[in-house]
Amino acid sequence: MRSTLTYMDKSLARSLWLAGEMFTLADIAMAPFVERIIDLRPETLDEVDGALHVRDWLVRMKARPSWQEAFFFRGMDASTSAVRAKMSEFIS
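If you want the numbering used here, it's the 1-based position in the sequence shown plus 439.
Heads up, a few of these hints could be off.
Taking CB as the label site, the calculated pair distances span [what the hints assert, rightly or not]:
1. Q507 <-> K449: 25 to 31 Å
2. R499 <-> T443: 25 to 31 Å
3. M461 <-> D485: 26 to 32 Å
Quick caveat, the hints were computed from the structure, so don't treat them as lab data. Ideal Cβ positions, reconstructed from N, Cα and C, are used throughout, including at glycine.
Let the sequences and hints guide you as you build the complete structure.
Right under this line is the structure:
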């Protein structure tokens, strides 16, 4: 996890998005991975020298209308991830 976030942070220091100046499939593919890390171990970002560029990228990702559609459903707000809610259906 740390090595991936470090690589992402270095890449995002050079450009707005993971593959350059345009939003691409690379960003779409990594979004669930980063969201899951934050759900399970939010301190991981701090372990990668704060991962400031990853944090900025995540703010841009969350600002996209498609983020709300992909990660939240059934009237949930941004404090509850769709993944966590779906998992609780199977656990309970």
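Tested hints:
1. Take Q507 and K449: their Cβ atoms lie about 29 Å apart, and the range 25 to 31 Å holds.
2. Checked against the hint of 25 to 31 Å, the pair R499 and T443 fails, with Cβ atoms roughly 18 Å apart.
3. Distance hint check: the CB atoms of M461 and D485 are about 29 Å apart, consistent with the given range 26 to 32 Å.
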